Structures are given as C-alpha cells and as structure tokens.
Amino acid sequence: MSGGQAATPDGVAPSPGMLPPGAAVRSIRHRRIGLGGWLLPTYTVIAFVFLLVPIVYTFVFSFNDSLKSNISWRGFTFEKWTNVCVVENGAVCTAFTNSLLIGGVSTIAATVLGTMIALALARYKFGARSAISLLIFLPMATPEVVLGAGLASQFLAVGVPKDMLTIILAHTMFCLSFVVVTVKARVASLDPTLEEAGRDLYAPPWQVFWRITFPLLLPGILAAALLSFSLSFDDFIITNFNSGSVNTFPKYIYVAASRGIPAEANVIASAVFIFAIVIVLTAQFSKQSRERRLAKRAG
Amino acid sequence: MPIDFAERGADLELVGIHKRFPGFTAIENLDLKIEAGSFFALLGPSGCGKTTTLRLVAGLEAPTRGRILIGGTDVTDTKAHERPVNTVFQSYALFPHMSVLENVAFGLRRRKVADVLGLARAALKLVELDHLAQRRPAQLSGGQQQRVALARAIVNRPALLLLDEPLGALDLKLRRQMQLELKKIQLDVGLTFLHVTHDQEEAMTMADTVAVMNKGAIEQMGAPRALYELPRTVFVANFLGQSNLFTGEVVATSDTAISIDAGGSKLTVPTARAERHRGRVTIGVRPEKLTVHRTAPAPDADRNALGPGRVSDVSFAGVSTQYTVELAGLGSVLVFEQNLDPAMGVSPGTEVWVSWEVAHTFGLADEASEPRFVDDTRTSEIAARRRETLKAELEG
Amino acid sequence: MAFAVFTPAETHEAPKKSSKLALLLLLPGVLYLGLFFLTPLVSLVLTSLQVPRPDGDVGQYDYAFNWQNYTALFDPDDGYFPHILRSFGYALLATVLALLISYPIAYFIGVKARKWPMLQSLLLVLVIAPFFISFLLRTLAWKQLLSDESFVITGLKAVSLLAPDAHFTGTPFAVVFGITYNFIPFMTLPLYTNLERLDIRMLEAGADLYASPFHVFRKITVPLTMPGIVAGTLLTFIPAAGDYVNASRDFLGGPDTQMIGNVIEANFLVLENYPAAAALSILLMVVILVLVGAYVKRSGTEDLL
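Residue numbers (our numbering), protein chains in the order written: chain X, 75 to 373; chain H, 1487 to 1882; chain G, 88 to 392.
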C-alpha cells in the first residue's frame, strides 16, 4: 500500500513555496487509496471473530452433556436447557432470579432519581451546579473495588447486615450517574421552543411536562433504564463486597469457578444473551426501516 | 372555507417597556399601539429587539419595566398559557410525537373546547392540509410544516397572533407564495397579526403598518409606502430599500423648500419633506428616482442635478440596470434604471450626469445613526457574551 | 440502547433561573449519592486509620489515627508495592492494546460502513454483544480456550507454532489478554461515536493539500477524534486498574499476577483486615484521580468532564 509515497524523481527537495512536479497526480492517488482497501475489512472480520469467540464457546457448552464441571466436551444434549433448575437444588436459578429482582428494583430507583437530577442540571442554573456535576462524575471515575469496599466499610461501621437490600442500595448508587449522563444528553437535545409552544397553547406547567417534555424524553429514559439494568445484572465486584450470603448470578459463577461451573449457568447466560440481542436488533432495525419510510414519504 | 370565528382580534398596547438581560439591554422604553384587526410588522436587523418584543407579548419573557395590555386588559403579570395570544414560531416548534391533527388540537384540548377534532379539521382545511391530518410533522415538507404551525395557532382564535419570522426557513419562491396566503388568511379571519421579520420586502408586501426597529427602539412607524417614500432617519432610509444620501449646510431657504450645499452642488428638498431646516442636514433620494444623462442636463428649478461623474460599475439585473456613478467630492451614487432603451449602452468609464425631481427628495432627522447605547447589541456579540457568562457559571 | 450514552445529539442550552423546583428535583438524588457514595469514602478513610482492638477477635478494630497502615503498604517484605505496580502496569498495557485493536474497528464501522447503514447497525450490535453475556463466563471461556489441555493450545503445539512447554493461564500475558478483551467494547463505542461524526471532507481536504494517508491520519483524523480517544481510554483504564477478576487464580491469573483489587478483596472479605483494604482502596483512588486529572489536562479535553 505504498503507492501514494512516490517521491520526487531525483530526491531533490522542492524549494519552499514551489510545488514539486507531479504534485497534482499525487493528491489524486492519495485520495483513492486512503485507509482501507481490503486490509481494514479483513482486520475487522478477524477482530469480530475474536470478540465473539467466548460467546460462541459459552453457547456451545450450554449443550455439553457434562457431569459436574463443564470443561471438556462430552457430547451433545438438550437436557441442560430443559432442566435448568434441577442442578444443585436450583442454586443457579435462585441466583438468576435474585439478579433479576436486584436489577429491576435498582433500575427503577436509579432511573427516577437520575432523571430528576438530569432535568435539574440541564434546565436550571444554580450555584452548586459544577459541584453537583462533579458528584455525578466521580462515581464513574472511581474503580468498582473502591466503591464496593467503601460501602461495605460503611455498612460494617453502622452495623447494617449485608443482604438483598444492601446490594440494591449499592447498585442504585453506581447506576445513578449513568442514568444522569444518558438522560441529560437527551434533555440537552430537546428544543426548548417545543415547551414554549406548549405554554403558548394554554398548557399549564405540569401539562407541558407530561404532554411534551416527558414523551420526548422517554426514549432517553428507556435507554438509561436498559443500561442501568444491564450494568446491575452483570455487576460482580461491588456485589461481592455487599452481598453477604445472598447469591447473584455473577457471584454464583465467581464462587463456582474454583470447583467447576455447571452447564446450566451457560444455559441461563445464553438465554439472556439471545433475549437481549433480539430486543436490540428489533429496536435498531425497526428504527432504521421507520426512518427509511419517513425519508421516502417526505421525498 | 374559513372557520367561523366568533371573536374578533383585539388591540395591543405596550407602555414604557424596558427589557434588560444580564449584560445588555434588549428594549429601551418602547411604546406601541396596534389596532384590532390590523396586520402589523416589526421590521429590523437581528439583535434589534423585535423577537424579544414578541416574546414579551407572548408571555415567554417578563419585561423589566412597563405594561402590556391586550384588548384593554393588563396582562403583564399573566403567564403565557393564560394569555389569549398564540405564536407561530420561527422553527415552527411542532410537537414531533403527535400527529398533525393532534398538534392542531393541542390548544383546544387544553381549553376544553367542545368538538375539538371538528375545529382542528376545519383549521387544517383552511390551510389546505386536511388530507395530511394523520401524518407526523417529520413527514411534511417545510412549507407544509409552516402551514400546520399557522393552523395550530389560528384554530384557537387568539385575540392576537404572533408570527416570529415564520417564513424565514422557506425558499424564496415558497416564501412569496406563503406571504400572499398569510395575508389572505388574515383578511378572512379578521385577527390582529403581529409579524416579526428582518425581510423588508416581506414586511412591505404583507403589513398595513410597519414599524422599523433598531437597537431596542422603534425608529419610524407607518404605512409601507409612506415609510419608503419618506424615511425619517438614516437607518430607515438604508434598511428599508436603498438610498443615496448627501450631507451639507443649508444655504438657501424659501417658503416651500430648503437647499443644501453638498460638495459644491446645490441640492433642494421640499420643506414639508425635511425633518431639519437649518444647520447640517442629510438629504436623500431613492436610486430608482434618478435619471442618467450623457450630456449635462439643462438647469431646472424642479430638478436636482449632479455631475459630471464617471460610471464605475454597470450591472444588468433583468428588469432594471444598476449604475454606480463616482462623483467628485460626493462619493458614489446608485442609479436603478428601467430597461426601456436597450441601446442606451452606458459602459464603465463613460462620463455622465444624474438628476431627479426635487419632489422625490427627503430630508432626514439625523446625520449618521448615532449609537443609542453601547454599540454591542449585535447578535454575534450578544451570543459571544452569553456564552462567556454561561461558561463562567458552569465553571464557577 | 446501551450506546446511547455516547451519542449526544445537537444540544440546546436553555438554563433558567434557579428555583424551588430545581432544588426539589436535585435533593433526593444528591442526598442518595451523599449517603451511599460520599460518606462511604469518608468511612473508608476512617477505616484506613484504624488500629486492631486490644484483645479483640480477628476483624475487630478501633478508630484511631494509625498512619502506619499506609506506610505498611510499602513494606519491602510483606507490603504491596509489586501489586500496585502490576495493577497500573497491566491496566496501562491493556489500555494501549485495546486502543490499538479498537481504533481500526471503530474506523471501519464509523467511517467506511457509512454507505451501508444496515451493516453499520449490525456491527454496532455485535460490538456491544459481549455486554449481554456475563463477563465472568466470557473470561472463563478464555481460560478454558487458553488452558494447556484446550484444543487451541494442543493444536498449535502439534503444528509447532508453539513451544511444547509454552503455558498461558496464570501468566501476566493471560491477565493482560483478558483485561484487553473485556474492555474492547468500552474503547470502541466512544471512538465510534466520534468517528461517526467525522466529516470525511476534512480528510479529502487534507489529501488535496498533499498530505499522505499517514499524515492525514496523524494530523487530521487523530486530533479530531481526541475526545473519543480520551473517553475510551478512561473507560478502560479506570476499571482495569481496579479489576480483580481477570487476575484471580480461578480465572486467568496465578500467584504472581495478583493486582491491588485481589489484595483488597482478600483483606476485606477473607482476612478481615479492613484497615489494610481501606488504605489500599484510598491509595488506588487517589493515584487514579491524579493520573486521570493529569491526562485529561494534557490532552486538552476538560470539556469532556
């Protein structure tokens, strides 16, 4: 790919202010080559294979006819998918439902609190604005292990026993900042004249909010909730410090890693993966076909 | 089919309005009265305070000082949603999550009117968009969106309809077409229209009364033709159309006219058309009133003449030809000449004289537009300053 | 969608005057963060200065001002200096590797794939796909794929591409590999959102003004995507420095790959040596804040915060 590097014929440096012969030709050639050709697509394909290998591995091994630990391939079976909750008296399933519950509750709490902060930050000016922005940013810039240890030390000092509640409190805390950032971007992209138009058309403030502001923010709020849930669902480090004897799905895997993970864990992870991917793909492609339809009608 | 409007438009009165924003004054001591049922245009460059005036009337901003009366009722302390006023926003501000019909019905629903959808459909019919009622705003063209915004406002039969450069985003052809339609609708429904624009042609075509605004105050107000033929200030003379201006000392005064000495030439203006009658006076004339001569014109008491000068530029504009003539001691003069004589053939470098009727001359009240307050009320500077204060707030 | 975080659209600044409503909106969330983010940090500082309770059981401490808990971290015999070094070394290495791997991916999706919106969406979904499957399971999958008995390793050894005694799991290589892998999506997404908005005409203008492809990239593309690079490296480096899953013995690590996170976990949850764990946590946080602050200042992207 060195076609663009054709040097001046005799190696004489052109004097400043004077164009070397063939300069025009060179610029055209550069433009055609650019960064890419076949190299970039090939690289991208390889990179995606690398990214997706562990997912495929996890999925394939959910069909392994394994005994206790799921390391070597012993043959194909659907049995793990049909009897997920049998192994270890359903410990995998309990951990999974715990994770769903924790994710659900902390998502709701973080989304409500975070949306309120985002509205205040994007719509009002007040003295402590930059201090509050910093307070929102700091939890995202703090390693999870510090967040986890800090909360655990506080619960210890106050004498709060670690259980489901402490996990939910912890998850709401670290999801909150992500909600604020996501929703704030949405509020900032909302045209304030739309709200003015609402006021102009006889809507009192609370109607302006529920009929105009809120529906327009909803996609952002939903995105924030989705992000929040996936962060909570997959969190291990903070959970590990604040869970006591309660098991979540990631914690179950971490503890079981030393003695071998049953294939049922792969089944649950694969099912969650397929579910999430279907949702995201549907959302993405329906949005795109809607846009195309709009473009066609408008044009 | 126009909607059957029960009410008529109301008059609007602004008394001693001041509006200060942090760092600058947008409006200084504004008094204004708009008659019920009229089409009133506020014309001015960006940053002159015309949009702020509109937002004050709509209730989207509160004045620092002064009163706002609609139909004789003081609404100064009333909130936007409680005022019998509707706005057609520059960006249209159509609600993207509602259908066209729901957009139009929005105001009616808030006021719990009977037969909301019937009225909304009738309003859409008025702007000839009833066939698109179920579409989303994003699926409409710019001109269609503009009409929906108009329907959404007039369906409420507001006492006063505010138009904030509603045609600004349209291309020229559509703009001209919408101007005529807007005027027709105003006549049909008999509402009071307050139209804000920086397009002088738009203001002159549509409005019964035009107020030219500059630096937070009204410079001159009147019927479009009167404003054009007899501007009172340098700003109006230059903002509303183009003008040739000459400044000099008054050298002769008669019963009906005064004459000034402009760079050695004597120019006369009727006393009735001059704001000042002694001392240094600026007079002017519109470029299309001028005639170009290839030989020195015979002296005529009814005509002002200047020359000889040299043509420095000729540009052909279809309906007319524009000449720039350089006159020693007076600078350049602009002449618009109708293309009646294709063989006229004045080319750059030609020696010419120009003349015009004394009756077409006007005398102005000011000499150069003296800044009324600090000369920083231009939009770009306001924006820059606003950005700075915002930044300071965010950081501090 | 998860990646919505990284796509701020056109923005309208319209702050109004402060009001009671703003206070009402802020209060619950700010109180929450105060109670579950700020006071825990204070608690952590206090814990880091505790002394063991005289005649107390394991895990019982009294509040004091025992500054020695910090100096003990650097004790040459049983201090944690190697762990601290390892943490930041691994994190830095993984961040650089993730940036090198991610930039071309993001460039392809954000710039080259613009002509095919369907492909662009699909690739984007594939980038975030790893988020939807437990990262512990993904890491375990690599452990198994890189273990001595796996078909990958035995295969490579069979065709002599690997020395017969080569060994991966438990080595620093495996830990850095795991961290890099796990944070590629965090690096790719902000790069993508930046590159997606890159005006190609600027690259063409560069080429038109006699810049070689390399110079166009270095002088135009990279500076224009600096905000994405900074966001991506921060999103990778901060969690990577505190990570302890990859380095854990049950995952990709071994006895010689332990990072600060592992030590904090062991001290807090197993040994119940809370002061040591707290002191290490505070140290980790302070170092990260200093590094991040200097980095952001140097790259001139303070606006990002």
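Hints may be right or wrong, so weigh each one.
[Claimed, not checked] Calculated lysine-lysine pairs in the DSSO-like style (CA-CA distance at most 27 angstroms, straight line): (1) K1565/H - K199/X; (2) K107/G - K199/X; (3) K306/G - K199/X; (4) K107/G - K1565/H.
Calculated directly from the structure, the hints in this document are not laboratory data. Just so you know, these numbers come straight off a predicted model, no measurement behind them.
Item to complete: Quickly compare the C-alpha distance for K107/G and K1565/H to 27 angstroms and report which way the hint goes.
Response: OK: K107/G and K1565/H at ~18 angstroms, within 27 angstroms.
Worksheet item: Is the straight-line distance between the alpha-carbon of K1565/H and that of K199/X 27 angstroms or less?
Response: Holds. K1565/H to K199/X sits at ~21 angstroms (cutoff 27 angstroms).
Item to complete: Below or equal to 27 angstroms on CA atoms is what counts here, so check K107/G against K199/X.
Response: At roughly 12 angstroms apart (the allowed maximum being 27 angstroms), K199/X and K107/G satisfy the hint.
Fill in: Pairwise hint evaluation, K199/X against K306/G, where the allowed Cα distance is 27 angstroms at most
violated, 38 angstroms
Checked against the numbered hints given earlier, the structure breaks only hint 3 and satisfies all the rest.
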